[in-house]
Structures are given as C-alpha cells and as structure tokens.
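There are 2 protein chains.
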Amino acid sequence: MNFELKKYLKDKKAKIEEFIKSYFQTFPTPPILHDSVLYSLTAGGKRLRPILCIASYEACDGMENIVPYATAIEFIHTYSLIHDDLPAMDNDDLRRGKPTNHKVFGEGIAILAGDGLLTEAFTILSNKDYANISSNTLLKVISEISKAAGLRGMVAGQAYDLISEGKEPDERVVEFIHLYKTAAMIKASVKVGAILAEASEEKIKNLEIYGQSIGLAFQIVDDILDIEGTTEAMGKPKGSDIEKGKMTYPRVFGIEKSKQKAKELIDKALESLTMFNHKAEPLREIAHYIIKRTS
Amino acid sequence: MNFELKKYLKDKKAKIEEFIKSYFQTFPTPPILHDSVLYSLTAGGKRLRPILCIASYEACDGMENIVPYATAIEFIHTYSLIHDDLPAMDNDDLRRGKPTNHKVFGEGIAILAGDGLLTEAFTILSNKDYANISSNTLLKVISEISKAAGLRGMVAGQAYDLISEGKEPDERVVEFIHLYKTAAMIKASVKVGAILAEASEEKIKNLEIYGQSIGLAFQIVDDILDIEGTTEAMGKPKGSDIEKGKMTYPRVFGIEKSKQKAKELIDKALESLTMFNHKAEPLREIAHYIIKRTS
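Quick mapping for you: the protein sequence lines, in order, are chains A and B.
Residue 0 is where the first sequence starts when you use numbering that gives the first Met the number 0, and the numbers rise one by one after that.
Residue 0 is where the second sequence starts when you use numbering that gives the first Met the number 0, and the numbers rise one by one after that.
Where hints are given, some of them may not hold.
[To be verified] Below, in silico cross-link-like pairs of lysine-lysine (DSS-like), each with a Cα-Cα straight-line distance of 30 Å or less:
{"#": "1", "chain 1": "A", "residue 1": "Lys102", "chain 2": "B", "residue 2": "Lys146"}
{"#": "2", "chain 1": "A", "residue 1": "Lys102", "chain 2": "B", "residue 2": "Lys102"}
{"#": "3", "chain 1": "A", "residue 1": "Lys102", "chain 2": "B", "residue 2": "Lys166"}
{"#": "4", "chain 1": "B", "residue 1": "Lys14", "chain 2": "B", "residue 2": "Lys204"}
{"#": "5", "chain 1": "B", "residue 1": "Lys20", "chain 2": "A", "residue 2": "Lys146"}
{"#": "6", "chain 1": "B", "residue 1": "Lys6", "chain 2": "B", "residue 2": "Lys262"}
{"#": "7", "chain 1": "B", "residue 1": "Lys102", "chain 2": "A", "residue 2": "Lys166"}
{"#": "8", "chain 1": "B", "residue 1": "Lys102", "chain 2": "A", "residue 2": "Lys245"}
{"#": "9", "chain 1": "B", "residue 1": "Lys102", "chain 2": "B", "residue 2": "Lys45"}
{"#": "10", "chain 1": "A", "residue 1": "Lys146", "chain 2": "B", "residue 2": "Lys45"}
{"#": "11", "chain 1": "A", "residue 1": "Lys204", "chain 2": "B", "residue 2": "Lys127"}
{"#": "12", "chain 1": "A", "residue 1": "Lys202", "chain 2": "A", "residue 2": "Lys9"}
{"#": "13", "chain 1": "B", "residue 1": "Lys139", "chain 2": "A", "residue 2": "Lys139"}
[Unchecked claim] Residues of chain A placed beyond 12 Å of chain B at every Cβ, according to the derived structure:
{"#": "14", "residue": "Glu3"}
{"#": "15", "residue": "Tyr7"}
{"#": "16", "residue": "Lys9"}
{"#": "17", "residue": "Lys14"}
{"#": "18", "residue": "Glu17"}
{"#": "19", "residue": "Glu63"}
{"#": "20", "residue": "Lys202"}
{"#": "21", "residue": "Asp221"}
{"#": "22", "residue": "Ala232"}
{"#": "23", "residue": "Gly234"}
{"#": "24", "residue": "Phe252"}
{"#": "25", "residue": "Lys256"}
{"#": "26", "residue": "His277"}
{"#": "27", "residue": "Glu280"}
It is worth saying that the hints were derived from the structure and are not from the lab.
We put the beta carbon where it would ideally sit given N, CA and C, even for glycine.
In isolation and in its complexed conformation, chain A is listed as follows (with noise of 0.2 Å):
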C-alpha cells in the first residue's frame, strides 16, 4: 500500500481554498459581508466534509471536477459554526486559536454571514456550469444536504444539545445530538459524492453506513478531545464542554467505554467499504485517522 494520506489531505485542501479565493475574489456584496465570511472561511479547517465527498466520488469512479459543488458543503459547516458560536447559542469566545466571528464582526453580521453563507451554498449547488453534471442529479444533491442540514438534521442536533445543557446524563438524547448535531452532515457529505457519481444503490448505501459511523466517531472523538487533548492543539479552551453542561459521551457513557465505541464505529466503516476497491484508500485511512486525531 503506498498511500499517503498526509500529502492527498494536502492536495484537495488547496483545491478547496482555491475555490473560496477564486469565488470571492469579484463577489458583489458589501465589504463587511465579503470580511466576515471570508474571515470564517478561511480560519484554518480541516476541510473534512467537503475532502470526503471528494474522496466518496473518487471511490464511485466520478471523472469530473467536482470541487465547488464540494466546497458548498463546506460553506455550510462554516454558518454552522458562526451561528454555533453566538452568545445565545454556546457563547464561544475562540475558534481554531482565533477570536469567533461574533468578537471580531459583531453579533449582526455574525448573524447575516451565517445565512449568507448557507443560502450561498445552494446557489453553488444550483450552478451547472462548474461540471457534467445532470440536473436531475444536482438536485438530489441539493435534497439529500439541504435535509442533512436543516429542522431533520443539524438544525435539530443543535437544538438538542442546547436545550439539554446542565440537563441529567441520558444516552437516548446525546445518541440523537450526535447523530443529527455531527452525524447527518458527515453522512451527507459522504452520500453526496456517491450521487455526483450516479453510484449503484448499494454502494449508496454502504457508503452512508461509513458516513453515519465516521460521523459518529468523529463526535465522540471531539467529546473525548474537550477532556483528554490540549487547548494548544485545539485552539479553544480544554473543558468547555465540562463547564457548559454539555450532553457529551465520556459524560453519560465514561472516557473508556467512549473509547471503546469510537474503536468499533470506526470497525465498522472499513467493514462497509468491502465491496470497494482500491480508488476507496483515502476512505479507509480518513477513517483511521478520525480516530487517531488530536485536534
């Protein structure tokens, strides 16, 4: 095996920023706008979502460049974020080792990036003049995200995990923050490459048992980060979970049986790309490295 994740992370990750740049190089809305959401656009990420639906279109055998349709999704994790960062929501004052959009921007235009942000990344999707794409499959795309991230997916994860603050440890409710808070976009984000790529419906459906148990994994992970890693390598305080009364795994299930659970999602990921070939290497080492990530 000779695949070097480390350089093909690399690789798609200037891709994507790219795009950000090139997108916004000409873009007509006001200065302020064009500040803020460049300014969260471009704090550092890992570029997970967007790197997997490029990696799950890849293992489908997709031909074409399908870099900004991947780069909305990731548009849409960055209005997660600023809004998920707001005083109102978990008042966080850094992000990535920077003050929050909110600190710098203001709460407003906080507010106005986020929703420009997410209703950019449709216009993004609705575009079809960036690949060979059929209408028909953009707009299953715009479907499958569009579900992942509102009132049935990410937007109900987080208002779980803000009601359920200071509330008693109860695995029911942070089974459903995870999966809908972290999960669904991580999941889509995966499924989405497969539909770019008019995949077979079985390996939609694997791929979305790899997505859903990544996602999973990839939460737990964060939750065991808040109490195990460094505010160094994190770029926000240890502990804020703690000292929110956030409904987390090490919380309701202790640190080792999270461990444990993160071990075996990650088990079953791999399990569901059997039926791949080599084109899905950079899937099965993403999953690895969720696993093994410090920040």
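With chain A's structure known, arrange chain B on it following the hints.
Then chain B, alone, in the frame of chain A:
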C-alpha cells in the same frame, strides 16, 4: 372587468396555509423547533410573495399546482423576519401584534428556527414530486431564489440596514437597502413564477421590471406607514424606524417625495404588464393594492 382582488388573495392564502399545515403535520423535528417554526409561519402574514409567484405563473399560462414551490419563498421570508427581529438585529418585541419568536422561544431557538426554515425551503424546491416541472427549471428557480436571498441580495440589504442605523441620510444607501433588503426577494418571487411556467425571455424581463418596481414601492410604503400608519393596523409600534435611526425613504427624501416615488414605481410596474392579457389582472390589482395598503 370582474376581477375581485380580495377573493383572489383569500383563496391563494388559504391554499398556501393549507400546504404549511399539512407539511408540518408529521414532520420529524424536535417539538420545540416544530412549535417555534409554526409559530412564525402561522402568525398571520399577507403571503404576498408566494401569491405574487403564483399570480406570475398564471399570467404566464402555467397550469400546474405550484403552491409548494411558492410556499418555499414564504419559508425564506419568515426566516428573514425571525432573524431580523433578534436583539442583535432590529431588537423588536412585537410582530403582527404578537411577541416575536425569540421573545417566546428564546434567542437560540429563534436563530435555529430561522436557519431551519431557510434550509427547508431548498428541500421543497428540490422535490420533483410536487408538480410536473423539469429538473432544469427547478435548478434555475433554486439559483434565482438563493441569489436573491443571500449575500448578493436580501442578506446584503440587511447588513447595510444594520450598519446604517444612526448615520446621516444618504440617497444611495437608502436605495441600496430598499433594492436588496426588500425588492430583491419580491422581484425573485415574481420572476420564479415566470421561470416555472417556462415563459419567454421577453415576458421574464417585463416581470422582473414589475417585481422590482412593486418591491421598491412596497418598502417605501412600509417606511411611510411607520410615520403615518396606526400601531393597531400594523401590529407593531409606530415610529420604531425613527427611534432606531433607520435609513428610511421619508427620512432621506421627505414624505411627499416618497409618496410621489411610490406612485411612479406602481405606474412603471403596470406599464411593464402591457404585453400580458387578462390573466395578469391579479398582478395589476396587486400593484394598486400595494400603494393603498394600511398594514
């Protein structure tokens, strides 16, 4: 001419509200989000934007039932009101005579309800099952609406509205705010009706002029009502624009010139409908109604 606007508006409003009710009957979202979203969606709006969309579609000889797609525009309008009322934005306690969303459900849930409504609009617009409309046409509709609602449309207008509070009167700024904050989505509502009907380029162009003109007139009348209207009819405190130092049309041009401008815009809107037959009668009557309204 036997066309009765009152009955027309009532009939269309009933269809839109029926769709809203059925849509959320068995909708999989947390109860608090469900309640928050429905609270604002059923707070007694005029449904002007979806009605304009349907009226435009019918003026262009459309024969399908496009109520679901038109209602998606109302979802976006409602999200914009929820976010606009937030303390970090206009900080309003009343809307249509009822406490604003965040006053009832809290700021966090209000932000999420707005996010969810915006996202759900695209779930509806990407659903092919509602009518016999081609995928390509639906993609065009999504592109049009997302541009009008986002960073180069309504969100841009909101940002300027926000940062212009308390500033010196400025003709260019107030025109920018009106054009983007209000007219962009009204114009898009009308244009989308024509796109759904696959109307000719010429018809679409004329309907764009109509939509932009009535959209600007609508906001000018809104500004005038803040001074001359009654708190009772409007369901919100009179004079609140002045109190907040908002950049309004009367503040920049004076009240008489504002009324004159609104009248000119309505004349322009009516003129743009010359090429349309009796099927455009609702659009003509709505133009007259916009300048005569008291709430």
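How the hints compare with the structure:
| no. | hint | in the structure |
| --- | --- | --- |
| 1 | Lys102(A) - Lys146(B) | 27 Å, holds |
| 2 | Lys102(A) - Lys102(B) | 24 Å, holds |
| 3 | Lys102(A) - Lys166(B) | 23 Å, holds |
| 4 | Lys14(B) - Lys204(B) | 28 Å, holds |
| 5 | Lys20(B) - Lys146(A) | 19 Å, holds |
| 6 | Lys6(B) - Lys262(B) | 25 Å, holds |
| 7 | Lys102(B) - Lys166(A) | 23 Å, holds |
| 8 | Lys102(B) - Lys245(A) | 24 Å, holds |
| 9 | Lys102(B) - Lys45(B) | 22 Å, holds |
| 10 | Lys146(A) - Lys45(B) | 28 Å, holds |
| 11 | Lys204(A) - Lys127(B) | 22 Å, holds |
| 12 | Lys202(A) - Lys9(A) | 26 Å, holds |
| 13 | Lys139(B) - Lys139(A) | 14 Å, holds |
| 14 | Glu3 | 37 Å, holds |
| 15 | Tyr7 | 31 Å, holds |
| 16 | Lys9 | 29 Å, holds |
| 17 | Lys14 | 22 Å, holds |
| 18 | Glu17 | 20 Å, holds |
| 19 | Glu63 | 17 Å, holds |
| 20 | Lys202 | 22 Å, holds |
| 21 | Asp221 | 20 Å, holds |
| 22 | Ala232 | 29 Å, holds |
| 23 | Gly234 | 23 Å, holds |
| 24 | Phe252 | 22 Å, holds |
| 25 | Lys256 | 26 Å, holds |
| 26 | His277 | 34 Å, holds |
| 27 | Glu280 | 32 Å, holds |
When each numbered hint is compared with the structure, no violation occurs for any of them.
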